[in-house]
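Trainee: What follows is each chain in one-letter form.
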Amino acid sequence: MAGMTVIVRTIARLLFPFTFLFGVYIVLHGHLTPGGGFPGGVIIASSVIMLLLAYGIERTQKRVGFLQAEVLESVGGLAIAVLGLFGLLLGIAFLQNVFPLGELGQLFSAGNLPLLYLGVGIKVTAGIILIFYAMLFAFRGEEK
Amino acid sequence: MSLELLIQNALLVFLFVLCLIAIELKDLLYSVIVLAGASVSLSVIFYMLQAPDIAITQAAVGAGVMTVLFVIAISRTRRKE
Numbered sequence: 004m005a006g007m008t009v010i011v012r013t014i015a016r017l018l019f020p021f022t023f024l025f026g027v028y029i030v031l032h033g034h035l036t037p038g039g040g041f042p043g044g045v046i047i048a049s050s051v052i053m054l055l056l057a058y059g060i061e062r063t064q065k066r067v068g069f070l071q072a073e074v075l076e077s078v079g080g081l082a083i084a085v086l087g088l089f090g091l092l093l094g095i096a097f098l099q100n101v102f103p104l105g106e107l108g109q110l111f112s113a114g115n116l117p118l119l120y121l122g123v124g125i126k127v128t129a130g131i132i133l134i135f136y137a138m139l140f141a142f143r144g145e146e147k
Numbered sequence: 113m114s115l116e117l118l119i120q121n122a123l124l125v126f127l128f129v130l131c132l133i134a135i136e137l138k139d140l141l142y143s144v145i146v147l148a149g150a151s152v153s154l155s156v157i158f159y160m161l162q163a164p165d166i167a168i169t170q171a172a173v174g175a176g177v178m179t180v181l182f183v184i185a186i187s188r189t190r191r192k193e
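From first to last, the protein sequence lines are chains A and B.
Under the numbering used here, read the first sequence as residues 4 to 147, first letter to last.
Under the numbering used here, read the second sequence as residues 113 to 193, first letter to last.
Keep in mind the hints are simulated off the structure, nothing from the lab.
Bear in mind the structure is a predicted one, so any value in this text is a computation, not a measurement.
No incorrect hints appear here.
A few chain A residues that face chain B, going by a derived Cβ cut-off under 7 Å, partial list only: (1) G38; (2) P42; (3) I46; (4) S49; (5) I52.
Simulated restraints on C-beta separations: (6) A/F19 to B/R188: 20 to 30 Å; (7) B/M113 to A/F25: 34 to 44 Å; (8) B/L117 to A/L88: 46 to 56 Å; (9) B/I133 to A/L110: 38 to 48 Å; (10) A/L88 to B/I133: 49 to 59 Å; (11) B/K192 to A/G94: 58 to 68 Å; (12) A/G94 to B/R191: 50 to 60 Å; (13) B/N121 to A/T13: 37 to 47 Å; (14) B/R188 to A/P37: 28 to 38 Å.
Chain B regions said to be covered by chain A (calculated; three or more residues, Cβ under 8 Å): (15) 170–176; (16) 180–193.
C-beta atoms are modelled at their ideal positions from N, C-alpha and C, and glycine is treated no differently.
The whole structure should be built from the sequences, with the hints applied where relevant.
Mentor: This is the structure:
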């Protein structure tokens, strides 16, 4: 991907923080409002993909590197597994809640559910960015 | 027939027509854009059927990520069918 015209670049640069913030909001309010880990992660990933379309792969990789995304995906998977095993160690079942439940409707409530959504959000974001990087890298060798 | 049911049926017909156009178009880039419109229509139908969770996912994946994925795939292959 070589990048696009200056109009597309300006719009993408202006729209990137708002899209990113909306994705973070969807992930963090996953236990209160519709949404959750997967849709929020997809929205965050689409904000990065918008930069990828507008600026090309070289400039996007300075902001979100291939190795960075790979490490983040592993961290998200590790968070889900550790949270599940934590319930298995202290409670009875896999992913059972061991944290205080809090008040209904508050942001910091619902036990381990926000942490689980955070892990899912990180993993989905990094995974979708990695899909696009893999597609672009897979075809790059044939052009030269 | 209530207004809500009327809008829902109209959206279903709109979705069907958009999918037919996406199949019949010979330029694949136009076809991908029409498919994104069909996805938005489907997400509105999901929202009217009391499933806002699925509507958000459908709008984000169908209109956002899938469109860019198809555009990248078309840019690496032939544009005309």
